[in-house]
Amino acid sequence: MVKQSVSKSLKLIFFIGMLLINLSFAFAQKTVAPQLDMTVNRGVIKPISLAVPSFIKESGANSIISRELAKVISNNLNSTGLFKSIPQTAYVSTPLSFNTPVQFSDWSIINADVLVVGSVGLKPDGRLEVKFRLWDVSQQKEIGKGKQYFTNSESWRRISHKISDTIYTRVTGEGAYFDSRVVFVSETGPKDNRTKRLAIMDQDGANFRLLKHPPSLVIAPRFSPTTNKIIFTGYETGKPRVYLMDLSSGEITSLPELQGMSFAPRFSADGSEIVLSMTENGNTDIFISNLASGTKRRLTTNIAIDTAPSFSPDGNRIVFESDRGGGQQLYIIPSKGGEAKRISFGEGRYATPVWSPRGDLIAFTKIKEGKFHIGVMRVDGTKERLLTTSFLDEGPAWAPNGRVLMFFRETPGKAGAPSIYSIDISGRNLRKIKTSSFASDPNWSQILN
Amino acid sequence: MKNIGFAIFVILLLVGCENNKSSESSLNDAQISQNDIEYFQKLVGDTVLFTVDQSGLRPDAISILNAQVEWLKEKKFLPITIEGHADEQGTREYNLALGARRATAVREFFLAKGIEQDRLSIVTYGKERPLRVCSNEECWSKNRRAVTVVGKKIAD
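So the sequences go chain by chain: S and V. Counting the first sequence from 1 gives a position; my numbering is that position plus 671. Counting the second sequence from 1 gives a position; my numbering is that position plus 17.
Derived from the structure by calculation, the hints contain no laboratory data. Keep in mind that the hints are not guaranteed to be accurate.
Stated by the list, open to error - Derived DSSO-like pairs (lysine-lysine); straight-line CA-CA distance at most 27 Å:
1. S:Lys1105 to S:Lys1042
2. V:Lys130 to V:Lys170
3. S:Lys862 to S:Lys1105
4. V:Lys92 to S:Lys862
5. V:Lys169 to V:Lys159
6. V:Lys92 to V:Lys169
7. S:Lys1039 to S:Lys1054
8. S:Lys802 to S:Lys816
9. S:Lys1042 to V:Lys159
10. S:Lys900 to S:Lys1105
11. S:Lys1105 to S:Lys1085
12. S:Lys862 to V:Lys169
13. S:Lys1039 to S:Lys862
14. S:Lys1105 to S:Lys883
15. S:Lys862 to S:Lys1054
16. S:Lys1039 to V:Lys170
17. S:Lys1012 to S:Lys1054
18. V:Lys159 to S:Lys862
19. S:Lys1085 to V:Lys159
20. S:Lys1085 to V:Lys59
21. S:Lys742 to S:Lys794
Claimed, not checked - These stretches of chain S come out as covered by chain V in the derived footprint (C-beta under 8 Å, 3 or more residues):
22. 720–730
23. 751–764
24. 873–887
25. 906–915
26. 946–952
27. 1071–1077
Here the structure is a predicted model, which means the values were calculated and not measured. Note that CB positions come from ideal geometry on N, CA and C, so glycine has one too.
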């Protein structure tokens, strides 16, 4: 087994970093950061074995919450494919109090690599106090420092997500992504008469809620960087048009500068601008709209279809699709304006490019020989990798850490319908997100504040 | 004057709706008056089809559009909306743009044939409103379409 071959003196973080990279390759380099380049590794990853006992109940806490906190954390970490929770029924003992020394032998005997010890108590003012510590079982050492959270009791799920994020980042070295939401289109009804509604859920599918808006067709909502607004395309006037919704007030506003047909909007990383496409006289081009001034400027003038634009995280460039070369391909243009440079050259058609929040990759939809794929490539167009294939996979959306993508997959035929899936950018760990209706057009928020 | 025009327009819309409901049943085509919107929809043909990923008008489309123009020229008071559609084989945004191209191709044909510009509006639905739901060329070929909707105009 791989584990025994790793020196005990190595930190767990180092160990996992190497597990994820090709092992022999990793040993040659002393400075392996937990940065993953999955192209070199098509082997099987042995997941980190994880024990998350129910949180210890302190002063008046609800036993359901003490169990659920542990369950949500387990589910989050299992969903990464990098961890595997040991069933609670296999535990030899459970921690009795938060400060009791950990009986490491009880956890090593069931082959736990990592142990999470947590507690939850109810304060006199009604708030929950949640604490946790993370232990490396084989090293018999704490990983990082314990953390403590206070919250109103309805927000316990968010605390589970925050704890999951802390565990995930401490163990893998990757950025957080569990304490985040997804805005998407909830679909009901038959294929030739779909009702589409804007909806929001937590990243794990919990807390589904429909947003209030006119009943006309809606398409592709996207979060603002601070997650307090969304922008989407709606048919309230009869034509596709870009609208802004304030999520706290529910107020929907149209942007007066976007008369005519406008669609495919996305925010810039600082939230001050929107890039989108507009159709004039049958020709679709890319525009940037400044939210504060209410003015727009044209970025492309090509007679081809230029659409699906996405800002780079630094705001300097925009990736979009265009059929100016004959078929749909990906191009990058400076956001100040200038010449568009083609970056995709493979066979088939490339569409819906989305710039990774880390800035390193562009995710896209590829159509080739009648199949749809979700893929990623570097910003210069090299190192293309297709992660999925099906009758119709479309519309990738980045997790806040740039490691995971959501997209929607539609099944063929009369009963065909879309569902949202997630996949690691390694191409591993394809998962269907459970939703109470058909679901499409996912967009992932940043980490919540 | 405008109000009367609007009233006629509403009545026609209502008639259109009534007829739509019964169009599935065994309505005898001969009973449809040439002035009915249903006559336009069923006997002139309100829909033209397109080749995969194309927005150029095919010969079969042009002959239907010529018949549409003839009928539409007689009904100068009726506004016209051209809907552009695509099949499910493309991505959502691209199909919206493609539907706009198709609707525009019909609009330009109408303008060239002398239909008044202020009667015309266009809208794209991309792949959002399929007419047929199977996932093969038989249905896709029917979904790649532009539909001339009479009695409706969308403001810009």
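Hint-by-hint comparison with the structure:
1. S:Lys1105 to S:Lys1042: holds, 24 Å
2. V:Lys130 to V:Lys170: The given pair, whose Cα atoms are some 19 Å apart, holds under the 27 Å limit.
3. S:Lys862 to S:Lys1105: holds, 20 Å
4. V:Lys92 to S:Lys862: Measuring from Cα to Cα gives roughly 34 Å; hence the hint is violated.
5. V:Lys169 to V:Lys159: It holds: about 23 Å lies between the C-alpha atoms, which stays within 27 Å.
6. V:Lys92 to V:Lys169: Within the cut-off at roughly 13 Å; holds.
7. S:Lys1039 to S:Lys1054: holds, 17 Å
8. S:Lys802 to S:Lys816: It holds: about 11 Å lies between the C-alpha atoms, which stays within 27 Å.
9. S:Lys1042 to V:Lys159: holds, 21 Å
10. S:Lys900 to S:Lys1105: holds, 24 Å
11. S:Lys1105 to S:Lys1085: Measuring from Cα to Cα gives roughly 22 Å; hence the hint holds.
12. S:Lys862 to V:Lys169: Since the Cα atoms of lysine 862 of chain S and lysine 169 of chain V sit roughly 25 Å apart, the hinted pair holds (cutoff 27 Å).
13. S:Lys1039 to S:Lys862: It holds: about 24 Å lies between the C-alpha atoms, which stays within 27 Å.
14. S:Lys1105 to S:Lys883: Holds: lysine 1105 of chain S and lysine 883 of chain S sit about 22 Å apart, inside 27 Å.
15. S:Lys862 to S:Lys1054: Distance of about 37 Å is beyond 27 Å: violated.
16. S:Lys1039 to V:Lys170: Violated, because 38 Å separates the two Cα atoms, which is more than 27 Å.
17. S:Lys1012 to S:Lys1054: holds, 17 Å
18. V:Lys159 to S:Lys862: Satisfied, since the Cα-Cα distance of roughly 15 Å is no more than 27 Å.
19. S:Lys1085 to V:Lys159: Distance ~14 Å between lysine 1085 of chain S and lysine 159 of chain V Cα, so the pair holds.
20. S:Lys1085 to V:Lys59: With a Cα-Cα distance of about 25 Å, the restraint between lysine 1085 of chain S and lysine 59 of chain V holds, given a limit of 27 Å.
21. S:Lys742 to S:Lys794: The hint holds at about 22 Å.
22. 720–730: violated (count 0)
23. 751–764: violated (count 0)
24. 873–887: violated (count 0)
25. 906–915: holds (count 4)
26. 946–952: Since three or more residues must qualify, the claim that chain V covers the segment 946–952 of chain S holds, with 3 doing so at under 8 Å.
27. 1071–1077: violated (count 0)
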